[in-house]
Amino acid sequence: MVRKLEYTLESESELRGTLDKLYSRTRELMENNIKVKHTSLLEIMMSKPNIVTAIHSLKSNRGSMTPGVDGKTIRDYLKLSEEKLIELIHNRIKNFKAHIIKRVFIPKANGGQRPLGIPTLEDRIIQQMMKQVLEPILEAQFFKYSFGFRPERTTYHALERIKVLVHRTGYHWIVEGDIRQFFDKVNHRILIKKLWNMGIRDRRILCLITEFLKAGIFKNIVRNDIGTPQGGILSPLLANVYLHYFDKWVAKQFEEFTTKHKYSKHDHKLRALKSSKLKPGYLIRYADDWVLVTNNKSNAHKWKTVIKNFLQKELKLELSEEKTKITNIRTSPIEFLGFKYKVVLKGIKGKRKKDKKTRYISHVTPSDKKIKSKVKELRAELTSLSKKLNHDKLSNAQLILAYNSKVRGLVNYYSYATDTSIMDKEGYKLRIKTYNILAKRGGVLQSTNKCVNLAVKYPERTQKTLAIETEVGFVGIMLLNLAKMNENLFKQKVQDETPYSPSGRALIEKRKGTREIGIRHDEITSLSLLEKIRKELVTSPRYNFEYFMNRAYAFNRDKGKCRITGVPLGKHNLHVHHIDPKLPLEEVNKLPNLACVHKEIHKAIHNVVDMSSILNNKELKKLERFRKKIRTS
Numbered sequence: 258m259v260r261k262l263e264y265t266l267e268s269e270s271e272l273r274g275t276l277d278k279l280y281s282r283t284r285e286l287m288e289n290n291i292k293v294k295h296t297s298l299l300e301i302m303m304s305k306p307n308i309v310t311a312i313h314s315l316k317s318n319r320g321s322m323t324p325g326v327d328g329k330t331i332r333d334y335l336k337l338s339e340e341k342l343i344e345l346i347h348n349r350i351k352n353f354k355a356h357i358i359k360r361v362f363i364p365k366a367n368g369g370q371r372p373l374g375i376p377t378l379e380d381r382i383i384q385q386m387m388k389q390v391l392e393p394i395l396e397a398q399f400f401k402y403s404f405g406f407r408p409e410r411t412t413y414h415a416l417e418r419i420k421v422l423v424h425r426t427g428y429h430w431i432v433e434g435d436i437r438q439f440f441d442k443v444n445h446r447i448l449i450k451k452l453w454n455m456g457i458r459d460r461r462i463l464c465l466i467t468e469f470l471k472a473g474i475f476k477n478i479v480r481n482d483i484g485t486p487q488g489g490i491l492s493p494l495l496a497n498v499y500l501h502y503f504d505k506w507v508a509k510q511f512e513e514f515t516t517k518h519k520y521s522k523h524d525h526k527l528r529a530l531k532s533s534k535l536k537p538g539y540l541i542r543y544a545d546d547w548v549l550v551t552n553n554k555s556n557a558h559k560w561k562t563v564i565k566n567f568l569q570k571e572l573k574l575e576l577s578e579e580k581t582k583i584t585n586i587r588t589s590p591i592e593f594l595g596f597k598y599k600v601v602l603k604g605i606k607g608k609r610k611k612d613k614k615t616r617y618i619s620h621v622t623p624s625d626k627k628i629k630s631k632v633k634e635l636r637a638e639l640t641s642l643s644k645k646l647n648h649d650k651l652s653n654a655q656l657i658l659a660y661n662s663k664v665r666g667l668v669n670y671y672s673y674a675t676d677t678s679i680m681d682k683e684g685y686k687l688r689i690k691t692y693n694i695l696a697k698r699g700g701v702l703q704s705t706n707k708c709v710n711l712a713v714k715y716p717e718r719t720q721k722t723l724a725i726e727t728e729v730g731f732v733g734i735m736l737l738n739l740a741k742m743n744e745n746l747f748k749q750k751v752q753d754e755t756p757y758s759p760s761g762r763a764l765i766e767k768r769k770g771t772r773e774i775g776i777r778h779d780e781i782t783s784l785s786l787l788e789k790i791r792k793e794l795v796t797s798p799r800y801n802f803e804y805f806m807n808r809a810y811a812f813n814r815d816k817g818k819c820r821i822t823g824v825p826l827g828k829h830n831l832h833v834h835h836i837d838p839k840l841p842l843e844e845v846n847k848l849p850n851l852a853c854v855h856k857e858i859h860k861a862i863h864n865v866v867d868m869s870s871i872l873n874n875k876e877l878k879k880l881e882r883f884r885k886k887i888r889t890s
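Note that the numbering used here has the sequence shown beginning at 258, numbered continuously upward.
No lab work stands behind these hints: they were computed from the structure.
The beta carbon of each residue, even a glycine, is placed where N, CA and C say it ideally should be.
Quick list of the computed label-pair ranges, beta carbon to beta carbon:
1. 714 x 319: 17 to 27 Å
2. 874 x 268: 20 to 30 Å
3. 522 x 837: 58 to 68 Å
4. 867 x 751: 43 to 53 Å
5. 720 x 866: 50 to 60 Å
6. 268 x 716: 41 to 51 Å
7. 278 x 769: 17 to 27 Å
8. 827 x 649: 25 to 35 Å
9. 686 x 300: 52 to 62 Å
Let's have the full structure, built from the sequences with the hints guiding it.
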């Protein structure tokens with residue numbers, strides 16, 4: 258008899274423990290070839306800590322300010338008391354009927370438009386609650402080489418898997434797969450059946466999912482009988498459930514083929530399978546994009562045919578004939594996840610190597626189409642920026658930083674590429690437009706490493722960029738050609754990493770170390786303070802632009818935690834303390850003089866109050882050192 262798990266949920270830490278149990282129990286059942294069956298999931302979903310966690314998750318998402326058809330944003334719900342909000346969610350689930358979805362269209366690189374469905378905030382909260390409970394059960398079962406929309410998995414893991422396979426096997430034939438209108442073609446009945454087979458045996462949860470799937474589209478249809486809307490919080494998870502059967506079927510044809518003989522190592526088994534009559538095939542999937550690596554052209558065509566037939570028969574899906582290609586990467590690149598990948602001969606041209614497997618090296622470049630599309634968007638951003646520039650230096654600096662954050666995202670994403678020359682070429686167009694805009698408004702050419710906002714990240718880069726002068730120095734425009742190869746991204750996915758076990762989380766923390774500052778960190782640490790400066794709520798001269806910017810670096814250095822208590826910090830509780838507030842203005846806002854602390858701790862540093870009942874001895878000693886520094890400065 259399968260042991261039934263017991264759950265008690267009084268806090269968010271207990272919720273984490275429960276999710277860990279769901280994950281570990283599912284893994285245990287899988288390893289013992291016992292059917293996975295989880296019931297009583299609705300009770301976990303409706304628990305107070307799960308609701309609170311869901312709201313926190315949505316609050317940190319910028320999309321929370323995008324209203325659905327009812328016009329409400331996250332702010333409307335945060336105004337309610339905790340009790341009223343939980344009661345509202347409980348009552349909604351008890352009498353659940355999904356709200357109509359708001360549909361918007363976003364441009365695609367090929368000139369078309371992609372429809373996005375935006376549920377109401379209330380429905381998004383419920384979907385997030387459901388996702389939090391279902392994900393650990395499903396994550397424990399998903400194919401290890403599917404990488405899209407899964408925790409702690411990236412596009413780089415998918416690309417690295419291709420590189421490693423090509424290098425180890427010497428196979429250079431790739432089937433580039435494209436499923437036609439995947440999200441619009443998901444069959445609801447098949448999806449619910451797949452969820453049931455993966456152990457989601459709480460019929461109440463399945464009924465809720467069915468309601469979300471059938472939600473109508475505003476001014477379009479009342480009920481949706483097929484497909485899952487892109488933009489819904491549950492949609493990516495459900496997409497992986499739907500294609501999980503495809504993953505496992507392909508893997509069982511070769512990579513996970515069942516043999517009579519039990520091999521001590523998986524590599525030994527694969528070596529034996531290569532000499533069999535089976536057609537080699539290694540699948541790598543990222544959401545509905547996938548590639549399959551095989552040994553020759555004939556097998557590539559066979560794989561394409563059997564996959565086409567499988568998808569049609571079992572999942573009611575159709576391969577796009579024009580976009581599903583067969584490519585020899587020794588002669589032509591494949592395009593996958595915004596990158597072009599091929600292999601090139603290493604060494605002197607025409608000089609053959611004896612080892613055919615190591616004769617070729619990987620060549621990864623950004624996709625020309627993607628870069629040109631992004632540059633077009635950035636040019637439009639510059640046009641918009643030019644209309645907003647004025648004589649207020651602080652306001653202009655904010656506009657440049659907002660533009661830079663978009664360039665930074667592009668530069669960071671393509672740092673996986675081994676060749677970024679296309680970004681140099683296309684970036685030149687942006688430099689011309691930037692010069693035309695800023696040169697007329699007091700902008701000057703300045704070395705990248707002389708700009709206060711770029712020097713920390715690029716201390717050795719001396720190339721010129723357009724910049725404006727502020728009280729603390731030059732604030733420069735970030736250039737596309739700052740992209741450079743980052744070998745730290747050339748790492749395979751460590752399969753034991755997971756957010757649903759203590760050991761898995763430890764591996765994640767070890768890998769990540771100190772995070773680079775991202776857009777979200779900038780928002781947490783900078784924009785709220787800038788608003789205070791703009792409204793003259795902070796009048797001290799030390800609260801200048803340098804402070805506004807270095808807060809983000811301090812937050813990153815302190816790993817988002819209070820320097821005294823170690824408590825995680827966010828927009829709601831983060832204060833950045835001047836360790837020595839009496840330093841001269843040119844030194845007071847340097848990074849070493851800033852420390853991230855909880856807002857209540859910040860008050861305690863400046864006001865001598867007894868904290869012995871709140872802090873432990875180690876924390877009290879740290880507090881006293883901060884206080885002493887203020888007294889002696």
